[in-house]
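Number of protein chains: 2
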Amino acid sequence: MTCRMITAKHLSVGCRRLLSTSSYTVRSHTCGELNASNKKEKVSVMGWLSHKRMDRFFVLRDAYGSVQATIPENSELRRLLKDLPYESIVRVDGVVVDRGENRNIVMKTGDIEIGVEKLTVLNKAVSNLPLLPDVNANERTRLKYRYIDLRSDKLQKSLRIRSEFVHNLRKFLVEKSGFVDVETPTLFRHTPGGATEFVVPAPSPNHGMAYSLPQSPQQFKQLLMVGAIDRYFQIARCYRDEGSKGDRQPEFTQVDVEMSFTTQEGVMQLIEDMILAAWPESLNHIKPKSPFPRISYSEAMTKYGIDKPDMRIPWEIEDVKSGIFDFLKKKDCENWRARVIVFRGTGKNAISNSMKNEWKRLIQMNENGRNFAICHPSQKSWFKSVDNQKIMDEFGLTEDDVLIVCWGESDGVYWTLGQLRNYVAEVCGLRSKSGVTAHWVVDFPLFSFEEGQLVSTHHPFTAPVEKDKEMLFESDNQKLLQITGQHYDLVMNGVEMGGGSIRIENSEIQRHVLKVLGEPTEEMEHLLNALSHGAPPHGGFALGLDRFVAMLTSDGNPLTPVRDVIAFPKTKNGKDLMSDAPTTLSQKQLQRYGITLRSDADS
Amino acid sequence: MTCRMITAKHLSVGCRRLLSTSSYTVRSHTCGELNASNKKEKVSVMGWLSHKRMDRFFVLRDAYGSVQATIPENSELRRLLKDLPYESIVRVDGVVVDRGENRNIVMKTGDIEIGVEKLTVLNKAVSNLPLLPDVNANERTRLKYRYIDLRSDKLQKSLRIRSEFVHNLRKFLVEKSGFVDVETPTLFRHTPGGATEFVVPAPSPNHGMAYSLPQSPQQFKQLLMVGAIDRYFQIARCYRDEGSKGDRQPEFTQVDVEMSFTTQEGVMQLIEDMILAAWPESLNHIKPKSPFPRISYSEAMTKYGIDKPDMRIPWEIEDVKSGIFDFLKKKDCENWRARVIVFRGTGKNAISNSMKNEWKRLIQMNENGRNFAICHPSQKSWFKSVDNQKIMDEFGLTEDDVLIVCWGESDGVYWTLGQLRNYVAEVCGLRSKSGVTAHWVVDFPLFSFEEGQLVSTHHPFTAPVEKDKEMLFESDNQKLLQITGQHYDLVMNGVEMGGGSIRIENSEIQRHVLKVLGEPTEEMEHLLNALSHGAPPHGGFALGLDRFVAMLTSDGNPLTPVRDVIAFPKTKNGKDLMSDAPTTLSQKQLQRYGITLRSDADS
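These protein sequences, in sequence, are chains A and B. At position 487 of the first sequence the residue is numbered 487 (full-length UniProt numbering), and the sequence of numbers has no breaks. At position 56 of the second sequence the residue is numbered 56 (full-length UniProt numbering), and the sequence of numbers has no breaks.
Be careful, since some hints might not be right.
Any copy will do: because identical chains look the same in the list, a pair fits if it lies in one copy or spans two.
[Stated by the list, open to error] Here are the simulated lysine-lysine pairs, BS3-like style, with alpha carbons at most 30 Å apart:
1. Lys515 / Lys575
2. Lys157 / Lys39
3. Lys575 / Lys588
4. Lys287 / Lys176
5. Lys171 / Lys289
6. Lys42 / Lys124
7. Lys360 / Lys330
8. Lys154 / Lys171
9. Lys42 / Lys176
10. Lys42 / Lys467
11. Lys82 / Lys469
For the record, the hints were derived by calculation from the structure and aren't laboratory data. Since the structure is predicted, the reported quantities are computational estimates derived from the model, not experimental observations.
Kindly produce the complete structure, drawing on both the sequences and the hints.
Written out as structure tokens, the structure is:
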């Protein structure tokens with residue numbers, strides 16, 4: 001095989017695509033690019049045998065498409081083709097022929113075919129393939145034979161869109177905005193805040209100690225700001241040990257950005273510009289409009305019952321100003337609310353039995369929002385104390401609408417209605433609608449209360465807004481909970497795609513906040529030290545790349561599994577079905593790290 | 001603080017630099033960009049206080065340079081400046097003034113200064129700084145306070161050149177050559193071939209098992225070829241547990257490339273084009289010429305005594321055709337050679353006492369190359385059996401030359417002379433000469449013999465050259481050692497910057513090679529399976545990014561430590577002196593992973 005030596009300098013715009021995907025290879029063209037303009041050309045193409053007919057006609061497929069090849073009627077090559085298993089690797093040398101009347105209008109290359117002169121089997125596949133690309137198979141088989149599944153249209157498209165998005169993003173950051181791509185370590189020290197970091201035992205002379213795989217480069221990016229790398233980014237591998245919780249991988253990737261001498265508005269604008277600049281051209285039809293609207297946390301909670309509302313859903317939680325539902329009030333409930341949501345235009349869809357079951361499930365999850373009633377005109381009397389018509393007039397209900405009223409403790413009421421809103425929208429198909437809406441949620445409380453403890457809403461490095469700084473030194477938890485943080489979340493189609501904050505740059509304030517949170521400061525002395533050795537004001541953002549690309553590649557569906565945009569994903573249980581990782585270790589390995597591993601069977 | 005909202009679409013070429021590095025921030029300019037054209041402009045700049053004089057004049061420094069600011073003579077601000085520690089973060093609002101006669105011609109911004117109107121201390125530094133940027137300090141202090149050292153010119157330049165090189169490289173691969181950037185997992189299964197992989201114990205339900213951190217994405221990139229991602233690259237984090245061997249980090253980065261339907265020549269051409277296209281413009285003066293010459297392994301060994309010769313060194317190992325040294329021959333030595341190297345133009349430099357000591361050290365390391373003599377005209381009789389003049393005539397020696405003759409077993413002789421060649425060159429300053437030479441070493445033997453065992457010269461996935469394929473099935477080790485592999489190394493200034501090969505795409509041949517090497521095939525079944533399910537011919541390359549950038553940023557010095565191009569490096573012992581990683585683990589963590597860790601003190 002000789003190789004076409006086409007170097008970058010020979011590429012001209014006109015033939016760029018052709019040259020770029022076949023340069024440095026022995027093929028003359030890719031399967032997908034041949035068309036009538038190649039008529040009579042001698043070509044060499046190679047790929048996977050994906051279809052054959054009458055031992056003469058076959059389709060060759062590569063990453064760029066498919067093309068039909070035809071063996072002359074009396075050729076010996078027919079026998080070769082006959083015995084050749086699908087997915088074998090084949091090289092075809094031949095001449096491009098116009099198919100004339102026989103052209104295949106469904107196939108992109110269907111105007112032509114290759115008249116086979118030479119057929120070379122480069123690597124035979126086994127004949128009992130467990131899976132074929134683009135043919136249905138169960139998830140476990142597809143994961144075990146991932147290298148076959150990767151040939152499917154869907155995964156080819158996903159991985160290529162991911163690459164394109166990331167490249168566009170780098171171009172915006174480096175070329176347009178002067179950011180520096182810096183790699184930070186993944187073998188780091190344990191960071192306080194829960195035992196959710198994987199550990200890596202260290203070899204001698206550090207036996208008895210371990211590195212931790214960081215959940216994000218948070219500390220490093222702040223240290224880079226102190227180190228005058230004032231515009232940093234990294235497409236960073238991160239690790240989170242959360243067992244088999246939800247659609248998450250033990251390792252994931254985030255677009256990590258940090259900048260000095262900036263403001264909350266500055267970072268949000270940068271990220272918005274970055275995402276829009278990087279949006280793949282082929283997906284312009286689902287591109288969100290700029291500017292992304294800003295919603296405050298409290299507005300999100302009272303209108304949508306959730307801090308990451310899906311803005312494609314038209315329904316909002318409504319106040320009941322008229323006091324029409326005051327009769328539902330409980331005397332001993334301090335923070336009592338009655339709120340309604342009207343699912344306009346859903347008709348009886350919204351009160352099917354399956355939906356009622358989901359509602360019952362929701363109520364079980366939330367002891368403070370258990371009281372609610374479903375009001376639909378088809379039903380008789382909704383409440384003993386109020387006339388149906390009065391409620392219908394109050395909210396302008398028609399036969400097509402369903403009204404839900406929920407009452408009880410404030411938080412529970414909003415939560416229940418927010419969950420119902422998402423659920424009804426999903427059933428009605430509103431959440432799988434093509435397109436992406438984007439907005440920022442801002443003005444989060446700096447602290448939250450969880451399981452009787454004060455915790456950071458974002459993380460302990462987030463700065464309060466300027467006017468609330470003094471309140472940090474209050475000892476009353478209720479006061480602390482009123483502090484607003486300089487924290488912003490980017491929400492798309494009801495999913496938090498990323499978040500960021502302006503950080504605390506003052507060492508003493510940072511130490512105080514860690515103490516308020518009950519975090520041990522000894523493990524953070526390196527960061528606290530850095531803040532007192534010349535730390536500029538700074539802030540940043542992290543975008544969840546896997547989740548974001550999963551949404552991009554599925555026309556905006558935020559519920560697409562992330563494994564569809566990861567080349568070699570793991571199962572929920574952290575298994576790699578293809579290679580069977582993780583594995584047991586040899587005595588030699590255990591000795592090297594001075595460890596013993598207890599299997600569940602041992603305990 | 002309000003923020004300048006300059007988005008990408010407002011950037012024009014003329015003011016690009018200004019806008020790109022200050023967009024999204026609250027500064028109007030960076031310190032380093034102000035000049036006479038800004039005269040009378042109102043500016044806001046912020047940075048580190050790096051110098052002050054007479055409580056009135058001070059220099060503000062940021063990542064882009066320094067600028068002088070001057071406080072009006074009677075201003076209250078003088079007291080503020082007086083008490084302000086160096087490296088504090090300061091904001092200056094003021095007007096750019098021409099310094100006229102007082103201009104500082106050494107300073108890039110020395111034509112102007114800022115007349116201070118407002119001086120704001122954004123974050124005070126401690127007054128007892130352990131380190132100042134660009135001021136000498138010991139290595140441990142610099143690593144402990146890395147965030148201060150990062151402000152130095154040297155590290156700022158290194159990290160920015162690294163970012164630029166990597167970005168250029170991506171542009172070449174993605175935009176010019178159609179490559180796809182794919183991320184591969186770092187939590188993988190153990191790969192056979194030595195216990196040099198860090199392990200990551202898995203949580204329940206996989207207790208008793210562990211992931212391994214891969215040494216390279218080798219298997220994944222081959223699986224991607226099987227998966228029809230036929231042009232893959234990744235800037236990949238890799239892990240190697242080699243304790244404190246040499247200038248290596250436990251985690252490092254490689255530029256990882258793989259391509260289907262290509263040849264050895266195709267991959268080498270791609271990599272050559274890629275490196276030249278990505279070469280930072282500011283370093284054009286050290287750019288190697290294209291094409292990179294090809295040298296065969298055997299030529300490298302016989303001419304330079306090493307498989308990664310530094311081609312800046314003019315001296316070559318010479319054969320002694322005349323038989324002049326035949327009298328040195330030992331009867332019982334099967335593979336006897338006598339070879340000479342003439343260090344022309346070194347004069348007595350080459351035979352100083354320190355050099356003789358190094359030579360003695362080398363001889364101790366190598367039992368087969370211990371016999372050698374140093375011949376310099378200043379010395380009396382070199383050998384009893386040969387007249388000095390005869391040797392001088394044979395090799396054309398002058399007073400300025402030193403001849404070394406070495407005799408004994410072939411391998412040892414070449415090794416000794418190769419090491420001497422490097423050493424003399426280093427002493428004579430030839431190895432620190434500015435500039436980079438690049439060449440390919442090809443035609444390596446597929447197998448080597450190490451400690452009585454057959455091993456892969458490159459790795460077990462490397463294919464033999466076509467004509468030697470049959471020889472793989474020989475049972476005689478001597479025959480196997482004669483097989484040439486399709487393996488190529490890129491050598492720059494005497495350092496192996498990367499290597500690659502055409503891989504074995506046939507499952508049965510791969511299985512056979514693993515058996516020949518005595519590797520357990522059970523742990524490689526996923527790869528062997530993949531090769532029989534439609535695997536195209538493929539090959540690739542990996543470039544050691546840290547080492548490469550270290551050479552780039554030091555004018556071509558291949559011996560520059562890699563920690564100079566890594567933001568947060570570890571010491572030789574695998575310690576992060578800044579954060580004190582690794583650390584001991586809590587009981588909670590140990591329990592989560594079902595592990596116990598034995599410290600050296602315990603054993």
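Output the indices of the hints that this structure fails to meet, ascending. Violated hints: none at all, because every hint is consistent with the structure.
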